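> Based on these hints, arrange chain B with the ligands on the given structure of chain A.
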Amino acid sequence: MSEILRFATAGSVDDGKSTLIGRLLYDTKSIFEDQMEAVERTSEKMGTEHVNLALLTDGLRAEREQGITIDVAYRYFATPKRKFIIADTPGHTQYTRNMVTGASTADVALILVDARNGVIEQSRRHSFIASLLRIPHIVVCVNKMDLVDYDEEAFNKVKEEFREFAMRLEVPDLSFIPVSALVGDNVVDKSANMPWYEGPSLLTHLETIHTASDRNMVDVRFPVQYVIRPMSDEYHDYRGYAGTVAGGVMKPGDDVVVLPSGFESIIKSIDTFEGPVDEAFAPMAVTVRLNDEIDISRGDMICRPNNQPIVTQDVDAMICWMDETQSLSPRKKYAIKHTSRAARVMIKDINYRLDINTLHRDEEATEIKLNEIGRISFRSTLPLFVDEYRRNRETGSFVLIDEASNATVAAGMILGETAG
Amino acid sequence: MTYELSHLRELEAESIHIMREVAAEFENPALMFSGGKDSIVMLRLAEKAFAPAKIPYPVLHVDTGHNFPEVIDFRDRRTAEVGARLIVASVQDTINAGRVVEETGARASRNRLQTTTLLDAIEEHRFDALFGGARRDEEKARAKERVYSFRDDFGQWDPKAQRPELWNLYNGRIKMGEHIRVFPISNWTELDIWQYIADDGIEIPSIYFAHKRNVFERDGMLLAENDFVERMEGENVYEEVVRYRTVGDITITGAVESGADTVEKIIEEVAATRQTERGATRADDRVSEAAMEDRKKEGYF
Ligand SMILES: Nc1nc2c(ncn2[C@@H]2O[C@H](COP(=O)(O)OP(=O)(O)OP(=O)(O)O)[C@@H](O)[C@H]2O)c(=O)[nH]1
Ligand SMILES: [Mg+2]
Numbered sequence: 001m002s003e004i005l006r007f008a009t010a011g012s013v014d015d016g017k018s019t020l021i022g023r024l025l026y027d028t029k030s031i032f033e034d035q036m037e038a039v040e041r042t043s044e045k046m047g048t049e050h051v052n053l054a055l056l057t058d059g060l061r062a063e064r065e066q067g068i069t070i071d072v073a074y075r076y077f078a079t080p081k082r083k084f085i086i087a088d089t090p091g092h093t094q095y096t097r098n099m100v101t102g103a104s105t106a107d108v109a110l111i112l113v114d115a116r117n118g119v120i121e122q123s124r125r126h127s128f129i130a131s132l133l134r135i136p137h138i139v140v141c142v143n144k145m146d147l148v149d150y151d152e153e154a155f156n157k158v159k160e161e162f163r164e165f166a167m168r169l170e171v172p173d174l175s176f177i178p179v180s181a182l183v184g185d186n187v188v189d190k191s192a193n194m195p196w197y198e199g200p201s202l203l204t205h206l207e208t209i210h211t212a213s214d215r216n217m218v219d220v221r222f223p224v225q226y227v228i229r230p231m232s233d234e235y236h237d238y239r240g241y242a243g244t245v246a247g248g249v250m251k252p253g254d255d256v257v258v259l260p261s262g263f264e265s266i267i268k269s270i271d272t273f274e275g276p277v278d279e280a281f282a283p284m285a286v287t288v289r290l291n292d293e294i295d296i297s298r299g300d301m302i303c304r305p306n307n308q309p310i311v312t313q314d315v316d317a318m319i320c321w322m323d324e325t326q327s328l329s330p331r332k333k334y335a336i337k338h339t340s341r342a343a344r345v346m347i348k349d350i351n352y353r354l355d356i357n358t359l360h361r362d363e364e365a366t367e368i369k370l371n372e373i374g375r376i377s378f379r380s381t382l383p384l385f386v387d388e389y390r391r392n393r394e395t396g397s398f399v400l401i402d403e404a405s406n407a408t409v410a411a412g413m414i415l416g417e418t419a420g
Numbered sequence: 001m002t003y004e005l006s007h008l009r010e011l012e013a014e015s016i017h018i019m020r021e022v023a024a025e026f027e028n029p030a031l032m033f034s035g036g037k038d039s040i041v042m043l044r045l046a047e048k049a050f051a052p053a054k055i056p057y058p059v060l061h062v063d064t065g066h067n068f069p070e071v072i073d074f075r076d077r078r079t080a081e082v083g084a085r086l087i088v089a090s091v092q093d094t095i096n097a098g099r100v101v102e103e104t105g106a107r108a109s110r111n112r113l114q115t116t117t118l119l120d121a122i123e124e125h126r127f128d129a130l131f132g133g134a135r136r137d138e139e140k141a142r143a144k145e146r147v148y149s150f151r152d153d154f155g156q157w158d159p160k161a162q163r164p165e166l167w168n169l170y171n172g173r174i175k176m177g178e179h180i181r182v183f184p185i186s187n188w189t190e191l192d193i194w195q196y197i198a199d200d201g202i203e204i205p206s207i208y209f210a211h212k213r214n215v216f217e218r219d220g221m222l223l224a225e226n227d228f229v230e231r232m233e234g235e236n237v238y239e240e241v242v243r244y245r246t247v248g249d250i251t252i253t254g255a256v257e258s259g260a261d262t263v264e265k266i267i268e269e270v271a272a273t274r275q276t277e278r279g280a281t282r283a284d285d286r287v288s289e290a291a292m293e294d295r296k297k298e299g300y301f
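Line by line, the protein sequences give chains A and B. Quick note on our numbering: the first sequence kicks off at 1 and runs consecutively. Quick note on our numbering: the second sequence kicks off at 1 and runs consecutively.
Extracted from the complex, chain A is given alone in its bound form (with noise of 0.2 Å):
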């Protein structure tokens, strides 16, 4: 089981995401005295009733003075089983790619529904991107229980229409926990509220989960991002690539094909600063050096010759617009970051526009704008080397930018090489 886990909130405006979390830091005492004053003091300050436990992540003026979140915030926590990686994300629709920001690299997904609202188009709609983020356990948190008086039909109504959307997503592994982030039912201790609710509590839930079989151990992937020449008297015939294990289980000896250029040669040497190793996974950070000397460089890919991935200038992929100044259309053309393979794109094709509520394709669809997603084509000036985003988060991932302003535009998640 992996000791970091990294989860990120998710779900609608006012559903109690940073509350929830300020409440699992208080009730873990991972709350130092001087912020806990704080936060105490603002609250008093700004007159409300309870301390203010969203005041724990909600960091930037603009946040605290609009009682919303803007954008994530990252905190950190460790119980004697975990160390926990937290990404508390706006509910805002206008904020949604910094949502796409903080759930893109979790393994899992708080997603709080307000017991008293149920499922509403703001909770569908993350609950997709967490889908399609692959995001592999969903925990899907019933909050302010409080509020309807822990009444165990309120929790199922949210559990049952929430089942029936998720029947239409991918989601590995899916569980339901009746909470009260305000008052701490079932978030740190099970609480006396709800005798009818047999399962664990949040922190005893994340504390469990397993994470293990979340990585690819399989597909060896090494994206080449840097060439490592020390030109030193003593090193003086050194080359080595660095990089990031984006799949699979490396080891000397191990015969390897470099793309794009085809060439074979075989594992010399697995170097890090501590000296050579046995085995490279992911997501370790190594140096590999090749028998044979090959012309390599930033952006190309090491893999094994009987397993590699795509190779093509066409690629079929689901994105997320996150630009509020220009819509994703045919014919317009972008930077891609792969990897560490950078290249230009041109879109070919918009194949359809997903309806978040419905899950409906428009198919007529012509564009797409911020905060929807669709289905895409696009064509690179040079070859990537992918997979599909659901075998290899590392190597199905990219991001789209615009030349003129720099803006990041789009998060992509490959499906494969387009057809015909």
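Since the hints were made in silico from the structure, they are not lab data. In this text, all values refer to a predicted model and were calculated from it rather than measured experimentally. Note that CB positions come from ideal geometry on N, CA and C, so glycine has one too. A hint or two may mislead.
Only part of the chain B face toward chain A is listed, based on derived beta-carbon distances under 8 Å [unchecked claim]: (1) 10; (2) 48; (3) 53; (4) 141; (5) 144; (6) 159; (7) 160; (8) 164; (9) 165; (10) 187; (11) 189.
For chain B with the ligands alone, kept in the frame of chain A given last:
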């Protein structure tokens, strides 16, 4: 065989990835080094990222002139050891050039003035990326910042218009005059830093360990007796066994009473402490609720 990295090795790998990315994509990066534990760990990570080659960028120290002498010795020795070029940008020079005016009075500090010195150095050396050792667990505005933090022509951070940052794909594209502040140890906590220092046997300046020092009390903090701060009435100097949790400008960095004289004891102390490191030891963050955010908007570290 299970393929799992310990949490420190996972954090290390993430940081190394970021440092290599910057070396590959920017023309003129520099690593900001204060001599504090975070920048020491960052320097070690840079060493690891490029071994057996040297670190392919210079080290930049923004020097307020109000230093702990132990830290300056350490800085010079350590940068020489890794073979990095050291660039010192001096706040005194900025004052002499008339670019900023020295604050006066008992509470005078050069903390805010540093921003101008830093921005001038960026312009002079045409740096396009600057590594900073800030951690997100330090402060609530930092908790909001991206790993690649875009800065405009004036070095300003705009917290309401941050670029999306997904997976480990970082957008480092900038126009002339703009730059990126890069925070490779964003996801490390204070305790992670100490455990890493212990694990790797990393040397740190002596002021981090318990020692006897002449101090006086101000605003509930212990400040070192030094040549740069005027003491106010009632601020009497006495000797105390203290250590530092952060290293910064001597005029605003508080010491904590502590007998921890080994890294192991420091780890125990940090694990049990009930005060954040900045809350306990930094006068600059006590000014207002959004002091850090406001300084960052102006171009501060
Ligand atoms: N009664 C009750 N109120 C709650 C509960 N959880 C949150 N709240 C309140 O709901 C309001 C919104 O809470 P936040 O935590 O800021 O909501 P959020 O989901 O983070 O909102 P955004 O980040 O802006 O999307 C606050 O007034 C909270 O005090 C709960 O369990 N019970
Ligand atoms: Mg919030």
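> Any hints from earlier that this structure breaks? Give me their numbers in increasing order, please.
Going through the list in order, the structure violates no hint and respects every one.
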